[in-house]
Structure formats: C-alpha cells, structure tokens
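**Student:** Residue strings, one per chain:
2 protein chains.
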Amino acid sequence: MADKTFNIVFEIEGGGEAAASAFPGESLLGAARRANVAIDAPCGGNGTCGKCRVRLLSGETGAAEDDRGRIGGGPSRFVSPEEYADGFRMACSVRALSDLRVGVPRGALAYRNNIKVSDLGVFREQRIFADLRREMEALGLGNDPGLEVIRLRLSPPDPGDPTADRERLVRGISAALGVPEAEIGVPLGVLRRLPRALREAGFSVECVVREEAGGKRRILGVYPDPGADTAVETPAAGDGAQPGAARIAGLAIDIGTTTVSMLLIDLETGNMISTGSAGNGQIRYGADVITRIIESVRPGGLDRLRDAVAGECTEPLIRSLCEKAGISPDRIYRAAVAANTTMTHLFLGVPPEHLRLEPYVPAFFEGRTMPGKDLGMSVNPEAEILIAPSIGSYVGGDITAGVFSSMIFRKETPSLFVDLGTNGELVFGSAEFLFSCACSAGPAFEGGDISCGMRATDGAVEACRIDADTMEPDAVIIGSAAGRKPAGLCGSGLIDLIGELFRCGIVNSRGKFVREGRRVKHDEYGVGRYIAAFAEETEAGREVALTETDIDNFIRAKGAIFSAIRTMLAIVEYPPDAIEDVYVAGGIGSGINIGAAIRIGMFPKLPLEKFHYIGNSSMLGAYAMASSRKAAEMVTSIAGGITYLELSSYPGYMDEFVAACFLPHTDASLFQ
Amino acid sequence: MADKTFNIVFEIEGGGEAAASAFPGESLLGAARRANVAIDAPCGGNGTCGKCRVRLLSGETGAAEDDRGRIGGGPSRFVSPEEYADGFRMACSVRALSDLRVGVPRGALAYRNNIKVSDLGVFREQRIFADLRREMEALGLGNDPGLEVIRLRLSPPDPGDPTADRERLVRGISAALGVPEAEIGVPLGVLRRLPRALREAGFSVECVVREEAGGKRRILGVYPDPGADTAVETPAAGDGAQPGAARIAGLAIDIGTTTVSMLLIDLETGNMISTGSAGNGQIRYGADVITRIIESVRPGGLDRLRDAVAGECTEPLIRSLCEKAGISPDRIYRAAVAANTTMTHLFLGVPPEHLRLEPYVPAFFEGRTMPGKDLGMSVNPEAEILIAPSIGSYVGGDITAGVFSSMIFRKETPSLFVDLGTNGELVFGSAEFLFSCACSAGPAFEGGDISCGMRATDGAVEACRIDADTMEPDAVIIGSAAGRKPAGLCGSGLIDLIGELFRCGIVNSRGKFVREGRRVKHDEYGVGRYIAAFAEETEAGREVALTETDIDNFIRAKGAIFSAIRTMLAIVEYPPDAIEDVYVAGGIGSGINIGAAIRIGMFPKLPLEKFHYIGNSSMLGAYAMASSRKAAEMVTSIAGGITYLELSSYPGYMDEFVAACFLPHTDASLFQ
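Residue numbers (numbering that gives the first Met the number 0), protein chains in the order written: chain A, 0 to 671; chain B, 0 to 671.
Possibly wrong hints are sitting among the right ones.
Said to hold, decoys possible - Residues of chain B placed beyond 12 angstroms of chain A at every Cβ, according to the derived structure:
| id | residue |
| --- | --- |
| 1 | Gly58 |
| 2 | Glu352 |
| 3 | Pro361 |
What the hints assert, rightly or not - Pairwise CB distance ranges, derived in the manner of DEER restraints:
| id | chain 1 | residue 1 | chain 2 | residue 2 | range |
| --- | --- | --- | --- | --- | --- |
| 4 | A | Leu176 | B | Arg150 | 53 to 59 angstroms |
| 5 | B | Pro575 | A | Pro225 | 22 to 28 angstroms |
| 6 | A | Arg318 | B | Glu431 | 54 to 60 angstroms |
| 7 | B | Gly73 | A | Arg33 | 49 to 55 angstroms |
| 8 | B | Gly13 | A | Glu16 | 30 to 36 angstroms |
| 9 | A | Glu211 | B | Arg170 | 24 to 30 angstroms |
| 10 | B | Arg150 | A | Gly640 | 31 to 37 angstroms |
No lab work stands behind these hints, which were simulated from the structure alone. Ideal placement from N, C-alpha and C gives every residue a C-beta, glycine not left out.
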C-alpha cells in the first residue's frame, strides 16, 4: 500500500482541466470521479470493459490497489504493449507513483455535449404523443393539473381598511372562486415575497392557485398582472417571463439508468413546449444499476449518486428547457418523475442497498408526492412532484407509467408491453389482469456494451440496409439533414445492422463473420468487425464498426428479451398467438425495424401489424401524470393491479435463455 | 468620507476577542454588529442612550459618518472630558482612523451568560402553570397533541414476503391502529432512514405517529423499541435518548422584543420538562420594534434579524433544553410560537416594513402551521410549528395566546388583561365581546431604558422596602439564596422601589429627589439618584442605583399603561369599577406589588383581590397550543373575536397620557 498522496491533473481532449489528489493506492478512475471527470466505466471499474483508456502525459503509474484488492496495471487485451509504451493506461487499473498529468480522450468520456434541448420541430415522437393525448381525452383524463390562473385587482390598503396583505389577497381569491377564506392557504415562501409583490404590481395581480384535497386552495404564485394598466416602473415581482410564455408549466421527467429525458409542458393547454435529454451522470460509477447500488453503499456514495443525477442532469436540464421557453423555473408548478426502482431510490436519496441483497427488498413501492423544495429542485418550491409507483425491485415507475401510455390496461384481449431500456421489462395483460417480469438485458439497446454504441442522438446510425452482393451499407444518420456525419450506432441501428448482416450471410447464427471484403476486417486477436463507416467518413475521424464482441453482447440482450417473453407466456399459460398487440417502448431511435427484430430472434413471429413502437413510454406516462391528476391516480391504480413474476424462480428460464442466444434461435422453426 | 478600511479587534471584558474590518466611515457599533459582538444599543445607535460605551485601548478614532450622516465623536453628556481622555467612546458615534483595539466592558454588552436553562425546581411560575392546566382540563382541552407512540414487532422480509420496507411498516401501523394503509403516510426524511432503522432495530420498533386531518396518519419517527429483547449491537437508529426521557416532546416559545423564553414539554403527559430563556439577539439593532423594522429594510437586514433571533437564541435554547433533558431535538414533534406582530414577521423571515408605514399593514394576521424543516429549526423536520395569530400591527400572537391563558374569554362579566412587555397591550372583555389596544410603554418593565435595569434573572432586585426615616432599603435579590449579590433592577423591583421612594417622600410627584442622605446623590450635571446597593455590595463592584432619568422613563411607561386603560374604558363606555378582574402578565419578576403599582398611578384603584399576576402569559398560551390541538383552535377563534381599537385615533388619548405622567397622576383623587 503506497502511503503517499500525489496530485493528478486531468487534461480533457478538446479543452478543460481538472485536478485531484489521489489517495494512496487509489485508481486514476477513482481520482477522476472525485474531480468530476466523467470517465466512462460501464463495468464499474472492474477492468473488464476497456472503456476507460487514458494516456499518461507525465509521471509514473503502478498497479492500483483499492478496496477490491490489487488489479494489474500493465499491458492487457485492452492496452497492447506498444500502446502501453506510448502511455496508454486503463484508468481503473493504475495508480499514481508520482504527480501525474493525464490526457483524457473524448472517447473515454461517458458523455459529451451532455445536455440536448429540442424545440418540438425535431421531437421525434410527436405522433405517438398526439395519439396518447387523444386517448387521454377520450378517457376523460385530459388536461387536469388542478391549477388555475386568477387575475385580481385588489384595493390597496388605507386607514379605513388596514387588512393585512395575506388576508387582503385571500379575500380577493375567495370572492373570485367562491371558496371560503378559511379554505385558502398561502405558503411561507409566497408570504415572504407578498408585501413587495403586491406593491410592485400596484395590487393588480395574476395568481396561480392549486386546488387541493377537499376543495381547499393554495396560492402558489403572485405575479404582476401583465394585462393591468397600472403604471408600475419596475415589475420586479415578475420573473422575467417573456410575453406569451406559459404561465403555468409542468415537467415530465424520465430518469433512465443511461439517459435522463425531460419534457416541458404548458399546463394551461397540455401542450408540449420543448424536450431535452442528457446522459445520466451516474454512468461514471458503472453502466448498470448493480454497480450504482454498490457505489451507494460506499461512504458518501448515496449523496454522490444523487448529485450525479440531480445536480448534474435534471437541474441543468430544467434550467435549459426554461431558458429556451423564456419562463422562470418558478413557474413550474407540477412535475412527474418515472424511473426504475433503483433510479427512483437514488433520485430521492433513499438507500437502495437492499435491492441487491436477498430477499431483494426496496425501501418503498408507493407513488409519492412531495413539494419541490423537499428535493431541492429548481421549480416552484411548492410544486407538486409526483413519483411513479414501483411494483418490484426490477419493475419500477418507468414501467407503471409506461403501461399507462401503452393503454394495454384498457383492452379486452391480452397484449404485451415490452420496454427496452438498460433492463428489459415486460407486462402482459388486459383490463382483466396484468402480469409483469424483468430480465437483465444489459444496456445494448441504449448503445452501452457496444464499442461504437451511442444514444439515439445526432450522428447515430438509426437504420441500415446492406447490399447482399457488395456488402456495402446504406445508413440513415440522425441529423444528416443538418450535415451530421456518422458517429456511432444507436439501438434501432444495431438491430437493423445485425439483422442485415445475418440476412446477407455475412455473420452466421453464432454471430461470427463468415465472409470477407473491404467492409469486413479482423484484428490481431482474430476478432472480426463490420465497418459501417470508414474513419474518413465519420464525425470524429474514427471508424464506426460492429465487432463480434458487440454482436455477442447484443445477442445476449435480445436473447434475454425473447426468453423472458416465452417464459412469461408459459407461466400464465398463454400461447404466443394469444397476444393481441405488442407495444415496444424504449429510447432506441426513431422506431424499430420489427422485421429485422423478428428475423434475429428478438421478438416472436407475429404479424407485423400487431407491433407498435410507442417510443419513450416512461416519459409519456410521466407527461400524463404531470398534466392530469386523474391520470396520476390511474397510474397508481394500475400499479396496484399488476402481479409481479420472478423469472429466476422458474427453472425453465435459463434453458430458454441459452436457446435464444443464437441468430435467431436454436429452434429456427419458431421464426419461419 | 474616509476611504480606507481599518481592522478592529474587540476585546471582551472577562474573556473573548472578535475582529472586524470597518467600512470607511462606519461606526464601531456597526463593525461590532458584523463581528457578532452584541454591544447594547437600545436607542438603535442614535447616540441618545449612552449604553454603548466602549474603551479605546490603542489606535485613533474620529466622528462616525454613516448612512444617517455625521454624528459627533467627542465628549458628551455620556462621556465626560476626563473619560474621553481615558479612552471612553460611544461605539455608535466614532469611527476608526487607524487599526484599533477596543475594550468592551461587560456592562456594554446587551446580554451576558445569555442562555439560561432551569429545571423545574427554580421555575417561578409553577403555580400559575398548574392553574392553567387545571382550567384546560376542566374545559376538555387537556393534553391533546395528536401524537401517539406505537410499538411494533414486524416480521423481517423473506423471499415469501418481499414487501418493501415502507409498505411493511405501514401494514403494521394499519393493523395496530385500524386505519387503512392508504391513509398512512411516511415523509421522505423518515423513508431515507427507514431501511437502516428497521434493520438496526431488528424490525422491533417504536413509531411516533401523528393524526392528521380526516383521521389520516403520518409516521414521523421510527426508533428501536427499547423494550424489545432483540439482540441489537448498535442501536444507531436510536437518537441517544436517555432511558426514561420523554419519547415525544413539545416546545412552547415566547419571542419577546427583549427576551426569548422557552418551555420543553413531555407531550405524553403534558408536563413541563424544563424552561429556558435568552436575550433576544436582535437587541443590538435597537431596543424597540421600530429600530428593528428600520434595520430589516437595510440590505441583508431581514436575514440578519432572523438569524439574531433564530440562529442565536431559539436554536441554542432548543439544544440546551434538549441536552439537559437527555433527549434528541428530533423528538420534538410539535411547537408553538407566540410573539408580537413584528417579532412574528422577523422570526418567519417575512418583511415587516409596512408595519411602520401608513396605514400600518402587516403582511399577515392568521395563525400559521408549518413543518419544522421550513424554518430550519432543530426539531423533527416534520414537527408542526404553530404560530399564534395576530390581530393588529401592535397586538400580536403574544396577546392572543396570553388572552387564552388569562381565560377572560370565558367569563360572564368583563375583565381586563394587561401585558407589560416592551409595549403594553390591553384586552378588555368577556365571553360576550373582546376589545384590545396597544400603547407604546417602552422597555422599562423589562429593564430597558433604565440605567441599572435588567431582566428578572439572578442578581435582579425584584422587591424592595425603604425605611421612611433612614431611607435604607431592604431588597429581595433573585438568587440570593445561592449567594448572588445585587446586579440591577428588574421590572417588579422598579415598581416597588419607585413606589417606596414616593411613599417615603424621597421623590416628589414629578419624580425629582427632594431629600438628601447617604443613599441619595446628585452627579455633576445635577441628576439625582437613589443608591439601592453600593459598589462594594454588588456583583460587579458597580453601584446599583435609580436615577431621575430612569424615573422619568418609568413614569412615561406607567403613564402609557394607565392612560390606555382609561381611554379604552371610555371608548367602550365602561366605568373603571365595571372591571371584574385584572390579569397582569409580563416577565417582570416574581410578581408585582399591586399596592405599589396603584400608589404610583400605574393601575386604577380597585380592590387588591381583583388583581391577578399571571406571569408570562404569552409562553403559557404557547404551552396550551403546543400541548393541545383543541387549545390551538381556541386561540384562533379567540383571535377572530377580538376587536382592535386604535388609541391614537381617539383625541382624548394624548391628554390622558400627559395627565398620567405624574406620581400618581395630576388628578390624585383617582387614587384615594
């Protein structure tokens, strides 16, 4: 154990530096995390993924020794002897033996240009969103956030009417709404600003009022009435809102293990204002929920993880969305969060550790409501934050919200809902019954565990055809209209590409390359790859390729999904063709090539028209909860009606999984 | 305007140093405030009270120039030329012309040994407290805090029962109380600690549960069950509570302009646990509410004032009381605060500025309830903090709570309630009607504006007889049994002393000394004084005396009370002898010599048995609110029934006041 502390400076490619002191024996990855340098480590720093390659610019390193024991720091399958001599190191495996200067290539960062905010012109799921709104309308769940904007012209105080400010305001609201004064509350935060707000508005105000249980009202915002003709010089009680901007806004938040997505809503109309997404900052502690839970148990880990998702992702996203929309975050009066069980715990700062210890018990299942101030969110302090309920350790609020947006709970005949996130979750049922299960598919569908994998953002190959003769690809790139070149493969692109490689006989049923050509290469270890874009054609000057290792990882992911579907149908004793419709959700691109997905054995062979891609159903469910009190109640009631099936307790599951780890399956007849 | 910043070190007599940089032109008093040195300045730093005398140890001073303009820094009526040469300065009137070292005498500090915590052996108002409890019992308002302690032995999770922790706990509470699970809530703070608390308690827990509106329940605390026989090694979910200590505690808080008092309650029994008091830290910004309001308008002033009362007084008091009682502040689940209107605003951080601007409108009147976390109080974050309602700019929650503890609102014939605080407030009425008014008596009754004035704590002269022949005093000193020597005069001592000086013909009806002797001296300006204790007999080696200036100040205070009583009776057209009983409240000592008070013209001449001293009625009312939900509701309903009379709008009031500024009155027949 080294007993000295060294200083490490991280030099980020493309600009930026960060410094940290390394604890004795600590890996560079550990030091980088403390310096908030988000070096990618999907394997959680176990030395098994090779994503955390950095380059030593000066100083000396040795093998790291941390709480997991000694891990080798020399050349390996991820760092060749030549590269080692050239300074390349795996950040997880080495420690400082002197002060260091370390170069961090852009490729080693977990996310770049992290926050992405879109106006609706480029929102890719508008049609799905419009369908959901129509269905909600039809069910009587239309825009119903329980919030009103009331305009009041109050008489200013005078010696004949020395009523206090709060009582004056409440008197006005009472008269406007016909609600008794005793039923109207003013939170402390509003009260503190009230004397100034009323006077700066010349007592002509626009109030945001929430209806609460039993018809009570709560005044959450007091702004100068922009329509009043009072000559007020400095409307400082205003919040810099642009004319015409939403007066009451809502947020739908989907917290995925890999990606955080958000939607800003005009709560007066139910319309979307803008959307945004960012990589979940927790990814530097590992790609999957297990590595996050392990980190949460370390000293200060829970706070670090909470900050990595809230402080680094949701907070800047809220600010970006509001800035773009020209509204103050104080105008956000209602929000809903949908996330898997672990992410829900971490976002709320609740210890998730028993989720990974037998008997796998979460701290809570229930849907929760709390004021924004309790979470320190950049929204109105009194905003109601709704958290979608979980029903099991691995079936969380993302699924209960997603089932709402799939609407399978309304159908008379049973349908299947499949969410392709970092895990795969399935719900099967109808208005009569609902069963769910989860399978550990891994992050392949979101671009994780894939050497050139990426999220479905600009530069991602989202669809691909291959000419069977020439083996040349014809790829669709997100953002190509704006001149974006290929940068990697997102989930839908992966499915397409593997389907095409298999269809063209370029890979065999075990996922190995069996043809040669200018697009197919093998490295010095004999690992084959298909080059979708040559280095000179790409954004970063680095080829976009799919390797046999990637295909292996993907096959395990799709095999997990397929075997889960088979096992669940067997448990509830339904044949595959009893499935009325299949709703496929997940943020995997513009959609999914169902034909390809069936061809490679990911989904059962059913008529194509039974499949419906419903996009990010978790975020859409969060939208429903944020915009409608009745929809939020319905999500709670759906969650109460879902029965959770534990796949691992069914002996046949492992055999099904092994059989499904082929293209398409050991029993190819299932797909004919 | 000086343009240089100097460093000032304050050397506190008896130990302690504090440093500050003085802004150009800033007074030493201003710099001392920023250094948290509580130099006394009842006049608010206007150079008119002479209390802020400090002594220059090194460096040079000049006249201060601040936002109130230039104020002289040379010799004055408070600093003789000899004293000036000796380094004495008024901190409010001088600024630094070089780096300084400044000695701060103990006498110049607004408070010393600030926090005082008593167990009940020395609590001086136990009889009054016992009477109140008896009356509350009789009214059906006995101990009713809406809190229960439930002991539960839960079955630990196992694979056959993987219910989440929260749901497991709620299931247990539901079974124990017969309340549906959906009606039972768990706050986020409790949820965050729940997984650990349950396991460290071996799932045998003691829960604190609050009953809320509509019979809902909220679980506020989860502790290991001390009675359980589970072998738990580290009961870290416990809170270090001593065996036998209260399991659920409450607080009654009285925030006076001068003094903050507090009472810790065992909410299971309604018994007092201990009491404490401290000087209101805001006193360094001035003795009365007007100077505080002026300070609140300055940049950052509101935060400074809020911190001076909360951070410096209530927080350390809570910690001291809990420490003495051997309980964690987290066990405080309910508290009530009674304070005058300005103090209520400042404690909540609500701007009070319009209280001193026509038409004198507060930000709010209503009684409020909020969780402890919203105020950052060292109590359970979910504790309900109740704020007593105000009914006017100068009739606050101290009075509505006080009227409750006087019980005049239950009587069939009208009685008078008089609160002698920094202001004097009166309420007159019965079960039929209640009228109130306020008069600006000044802080004399609490020892302010009196050269040797002090609060009713150890060393205070609280009663006094004078031998008419020898003029020698026979004084009762608080704490004399414990060997405390005289240190100053508290309110009850003042009334006694002035009554005796007048009775013995030592002062005349204008408050001027008309006899000579070893106890009566005149200074070089001709100002007479009566020496109650010679320097060598006192705690600090400095004589305890009453000057003609003090008597003037006191006469104005008692004149304000008497003229307010007369004016209010005239307004409601009642003769003085219609008063059934008079309840005198205020923290002015062990009681009040009513005979003396009548003799000097403070109270109307009524049979002595009609007068009742009810002590700190504001704190007792806060006790009632904290210990009983029904009592809290009754305070709200009392507040709603009081009619406020604005004395200043009655033309006769000023004449009454002038007539009452004599001993006993210009119309002495009123007291014969």
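**Student:** With reference to the structure, classify each hint as holding or not holding.
**Tutor:** Consistency of the hints with the structure:
Its beta-carbon lying about 41 angstroms from the closest one in chain A, Gly58(B) satisfies the requirement of being farther than 12 angstroms from that chain. At roughly 7 angstroms, the least C-beta separation between Glu352(B) and chain A is not larger than 12 angstroms, which violates its mark as non-interface. Its beta-carbon lying about 4 angstroms from the closest one in chain A, Pro361(B) breaks the requirement of being farther than 12 angstroms from that chain. Against the hinted window of 53 to 59 angstroms, the Cβ-Cβ separation of Leu176(A) and Arg150(B) comes to about 45 angstroms, which falls outside the hint.
Judged by the Cβ atoms, the range 22 to 28 angstroms given for Pro575(B) and Pro225(A) is violated: they are separated by roughly 58 angstroms. Take Arg318(A) and Glu431(B): their Cβ atoms lie about 59 angstroms apart, and the range 54 to 60 angstroms holds. Checked against the hint of 49 to 55 angstroms, the pair Gly73(B) and Arg33(A) fails, with Cβ atoms roughly 59 angstroms apart. Taking the beta carbon of each, Gly13(B) and Glu16(A) are about 52 angstroms apart, not inside 30 to 36 angstroms as hinted.
Taking 24 to 30 angstroms as the suggested C-beta distance range, the pair Glu211(A) and Arg170(B) conforms, at roughly 27 angstroms. The supplied range of 31 to 37 angstroms is met by Arg150(B) and Gly640(A), whose beta-carbon atoms lie about 34 angstroms from each other.
The structure is inconsistent with the numbered hints 2, 3, 4, 5, 7, 8, although it conforms to all the rest.
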